[in-house]
Structures are given as structure tokens and as C-alpha cells.
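Visitor: In order, the protein sequences belong to chains A and B.
So the first sequence is numbered by the working numbering: it starts at 1 and just counts up by one.
So the second sequence is numbered by the working numbering: it starts at 1 and just counts up by one.
Derived by calculation from the structure, the hints in this document are not laboratory data.
It cannot be assumed that every hint is accurate.
Said to hold, decoys possible - Not the full set, but computed from the structure, chain A residues with beta-carbon under 8 Å of chain B:
1. Cys118
2. Gly279
3. Arg281
4. Ala335
5. His339
6. Glu345
7. Val352
8. Ser385
9. Arg413
Given the structure is predicted, the values throughout are model-derived calculations rather than measurements.
Don't be surprised by glycine CBs; every beta carbon is placed ideally from N, CA and C.
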Amino acid sequence: MVTPRQQVAVAARLVALATLLVVVLLEPSVRQDTASRGPVAAVVAIGLLSAYLARTSGPRAARSALATETVVVSVATGLAPEPAALMPYLVVLPLLAGLQAALPGVAAALGTEVVGACLVPLLLAEQSWPRDGSRWLDLAPWLGTALGIGLLGAWLRRRGVPGLAEDNDAYYESARQLLTQLRSVTRRLSAGLDSQGMAAAVLEAMHQRLGDSGGALFISLQSPGLVPFAHRGPDAQQLLVLSDPLVERCRAEARAIQGIVLEGPTRARHRVVLPLRVGTRVLGVAVSCLPQAPAAETVTSLLHELDEHSLRLDAALVFDEVRTLATADERQRLAREIHDGIAQEVASLGYVLDDLAASADPTLARGLHELRGELSRVVGDLRLSIFDLRSDVSAANGLGAALSDYVRQVGARSDLTVHLTLDEAPSRLAPAVEAELLRIAQEAITNARRHASARHLWVDCWTDPPRASLVVRDDGSGIHGRGEDSYGIAIMRERADRIDATIDIVSDPATGRPGGTVVEVTVADRRSRAPEEVSAR
Amino acid sequence: MTSPIRVLLVDDHDLIRQGLARAFERSDDFAVAGHAATVAEGLKGFTELAPDVVVIDVRLPDGTGLELVREIRSRGHDTGVVVLTMYAGDEQLFAAMEAGASAFVAKDAPSDEVVAAARHARVAPRSFTAAALADAMRRRMTPSGPQLTPRESEVLSLLARGFSVSAIGRSIYVSDSTTKTHIAKIYEKLGAANRADAIMKAVRSGLLADDLAN
């Protein structure tokens, strides 16, 4: 791959060589001066060679090529009796040095030029140096320009114009700048970066402008096609159809599309489909359902309003993705750390206990044996924690697949019998929602296994994007005695909050069955209620 | 008196190796021949020391212990191999069995179990034993995968009675496309390719027992 910096290195040299040739061809005094031919030929040769090296070799080779080139060009300029053709080349070298090695590079290049073009000829070939000092006057403006251009190169490098800085670091540099901006921006944002809330704001804005009876919002994620993301109003159900031709057209053409949709034999409703645009990209589409066609200017002004919302929504979605990626990495790291560290150490302590028990008297041995049992249980728990940390949803593995995988493993590693019921729609939920639901299910299952000493567990998962529900029920001893604020429950609530879901945790439910705990999570249900309730939120 | 069984311990954690070494030295019929912390060291130790039994951790810094198991198995038929692991799930158990291990022990088991497994491995290196083997086999024979929802069970029983897609849709009051989604999910859950296959698999796993009785 040719990086932008390599492109600059090649282009700058070619421009300088082209200027050189033009001057040689047009200026008879230069063309006819035989003593200048040697230096000009040397500069053309080293220029072409350096351009070739800059394109084909790594940063280190490019750096030494530039140093050699600077020496050759400077000395050639100094020795040539008619150096006018070579002077433009002096400007290019500090620019490249500045891009490569910042201010020290510029200083070195300029120093070399001054020594090569002024001092060397003074010492070596005094006869070619005009006595009247006109050479100084010729050189000074070029060297001044070279200094300016060199500083510009160094500044560009410091600004981190993508690709111009050190090749391998360019992408890191721009990533660092973006992340720094993100950090300061998120501190300043009043609404934070909550994608669910932003989507609700888009639907609310449409409701305010159009007075619609229902709306739905689709997002294009990496997976091909759209994902239902949010909806509001009692009529939203019929809008959540991915195969709607109006939706597809809106996405393809990136403009507002309107149409009439028949509802039964007597009713017809107007449907407005608006693109959510970020620049030239279509982030998703918003669908609205209303009794009659809206005024054209209302749609136009709404479209502009949505552009602002889209940018925020896009930022929130990117943030979600970054957070999901960062969390996934951290979980893998934690799993490795537990596996290689504490789990092995506790396991080896177990062997120490075995050794003690073997040589102890019977009463002590009995106590040690009990302790050994506890220790084995701790290792077993650590093993399951490692597994918890490692299981995840991915592009290929949806919520249902991840859940059934997890549940099967839990069944294999503990005495719990898990009954899983899946009812998944063909389309996927948003990745952040899938991830949080999986974590809530893991937490609920772990609680049932660890604290409630349950024997059976029923997990029901239903999805119909953007809506979903997850119910985890066990036949254990319930969670009484453990406060509502106990760790696992607080974490489950926090996770549910993050995806704007409601969570109900009921111990001893009034189903007539003794004991047991029910954890029920519902995603995006409230927005399908009447619009009054939504605006009252 | 017969000569002791010589054991090579392969684990990258010193404390684990020391604990196991003490456990083996407690029993008179064992002697620890050597230690190794990586796959490469394990292979070197195996070649140089020619131990009777090798105890191998699954996760090693330069590869998986299972590679070492396969390598040892390909070289010597009567060397006992005990696989020791922190990940003691069904998949790991069957993977160890397929690699050619003689025994599989979780790291939360007492050291006596490791010694017992090594003794078994010495006597019958080409057999396989594990504490959770019976349960794992049972789970493998009766997969407790996702169950059908009530609506899917209803659709399945209508399918078994020979209803067409639209007839099923009419009798449970849903559209043809919804019915098709239900059917696709039933096929997916049963791992079936078509209607006949789905019904066969459903009968075999007892999902249609009620319908057949009627």
C-alpha cells in the first residue's frame, strides 16, 4: 500500500525535477553552460533514485535516502556555475525532512543546504563563486522559502494530518486524537451518548411535527440490511416490517418517500419514510404513520431537523460499538488472568491440603477433608466465572445461539438442569441489547446456582426486534435475606438501565409454588403504548 | 518388588507441579521422573526420560496440551496420558478422549484422583476414564437443546397431520409468512432439512408422543 506520506515524497520530487527540466530547456544560459551539466545530471539521478526509494522502501531507508539526497543536491547547487535550475529543489528537501523528522529534520536539512551550497564552494572552488556577492542574493530567497516550507511540513506532521506522520503511527495518531476529542466531548454533552434515548428523541420529533399515530426507526448496522431499533405509538406494530418497499426505496435513494398503505378493505393510511442522513451516508430510516398526507414544507423542515438528530444518534451508536468492543477485550483479558493466576493458585492450595490430610491424624483429617471440599467448590466457581467471561454474542452468534451455548455448558459443569425456550424473530436485536441481555441471563443463572441452591431453571427468551423479553425462573430457595441491593441484583438493574429495559425481580412469586425467583426483563415495550404516555415520560 | 511407575509432569504452574509431585511421592508405587512447563519441554522430556505416564495440562504457553497428547500417542502406544484441566466441560472431555488421552481430571479434584487416574493410565493406556464421563455421554446422547415454544409445538403437530402451510395458518389464525417462520424455526431447532425429516426427528425425541397416542 502506498501511504499518503510516500505519495507526497514522490510527488514533491517529481515537481522539483519537472521545474528543473523546464528551466534547463527555457533558459539558454543554463542550457549552454557545460560546467553545470555534471551537477544537473547528478541532481536528476539522485532525485529519481530517491523518489523510487521513497515509494518502495520503509521509513528508515527513506530517511537515509533523503539525507544523502540533501548532501548531493546542496553540493551540486554550490558547484554549478549557473545554479538557477537547481534552486527550486532546495525548497522540497526541508519539506520532506519536516514531514519525516519534525523540527530537528528541518534544521538538519537547512544546515546541510547552507554548508553545501555556500561554504563548500567557498572553500573548494573560489573561482566559480562570483565576487560581487550576487550568488548570496540568488540563494537567500530560496533558502528563506525552504525554511518556511520546512516549518510547514513539521507543523503538518505535528497536527497529525492522517498518513503524513510516521507511516505506522499515523492511524494510532488519528485514533488518539479522536479518542481525546471523544473524552472531552462526552463530558460536555448534556444528553450523553445513549442511543436508545436518541432514537426516542427522533420519533418524538416526528410526532411533534407530523402528529402521527405511530412511528418506527430502523438502523443499518454492519450486517446487511436494516435492524428495527425503536418504535412508538399503538400503530407501530405494522410499521416494523423490514420488507416494506417504501423503506427500501428510502434507504436506496436517501430522500423522503411517501405512500398510501391500505389497512383492511375500508381504511387507508398515509406513510412517510424519512432517511436518517449523516453526510452522504444513510444511517437508517424513520417511518411514520398518519391519517392524511403532511404539507410538503413540513416534511422538508423535518428532514433538516432529523439530520441533526441523525448525527447524534450516529455518534451514540459508534460509542456503543466502541464500548462493546472495549468491554469484550477486557472480559477476555480478565478470563485469562483468572485462569492463569488465581484459579491455578487456589487449585494448587488444594493439593497442599491433600498432602496435609494424608499425614494428619483422623480428627484433623476430617476437618481438612471438609476444607478441601470447600476449596474444590471455589475452584469450580472460578471455572464457571472464566466461562461466563468468555461467552459473548458476535456477528455470527446471535442471542439465542449464545444463550443455548451458555446454558448447555452450565448444565455440563454444575448440578443445575436448565430448560431453555427460544422464540426468536429472524432479524437481530441491536448488538448492545443482545450483549446486555446475555449478561443479565448469566447473572440470573449464576445467582440461582450459587445462592438459591436451585435444581431446575427455566429460561424463556423471546425477540421481535426492537422488542424482546427474557424470563429466568428457578425452583430454589429464593433471595430473601439477601437485600435488593445485593451485588448481582444491582448489576442486573444497571445493565437493564443501559438498554432502557424494565426489569422485575420477584422472589416467592404468587404462583403457589414454594420458593423460587423470577427475573423478567422487557426491552422497548413501553414505546408501543399510547403516545400520551410517551410524551408524559 | 516391581519398579515404580515413572511420571512426567507437564504444567506451566510451579505450584501445581510441586503439589502433584508430593502427591505422587506419597504413594510407594510412583516416582516423579521429571517436570516440564511447555509443549516443547514436555516432548523433550518424553523422548529423553521415556516415562510410563505423562500428566499434561491442557493450556500451555507454547500450545495446547492436546497437541502433546497426540504427539505422544503417535510415538508410543503404551504410555499412559492423563489430561489435567481447569476447563472441565463436555467439549474438553471429548477433545481429550479423541486426542488419545487415557484419563481426564479436572483441576478442582483432589490429588488422589490424579494419582488414581495415573495408575489407571499405566494399566490401560488405550482406554479412557473420567469422573464426569457417564454424565457427559448421557448429555451427548440426549441433547437438551432449545425446546419448542407452545406455538411451535402446535405447528409441529399440524405438520405431522399433513396440513399444508396455508391450512396450518388458517387453523391457528396467522398469515402464511408467519407460519413459514414457525416451520423454519422448528426445522432449525430439530436440525431437520425438510418436513419428513422434522417429523422423524420429532417422533424420535418424543415431541410427538401425545399426537401418536391419539
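Visitor: Hint by hint, note whether the structure agrees.
Guide: We went through each hint and held it up to the structure:
no., hint, verdict
1, Cys118, "61 Å, violated"
2, Gly279, "36 Å, violated"
3, Arg281, "31 Å, violated"
4, Ala335, "11 Å, violated"
5, His339, "6 Å, holds"
6, Glu345, "6 Å, holds"
7, Val352, "6 Å, holds"
8, Ser385, "11 Å, violated"
9, Arg413, "6 Å, holds"
Of the numbered hints stated above, those contradicted by the structure are hints 1, 2, 3, 4 and 8, listed in ascending order.
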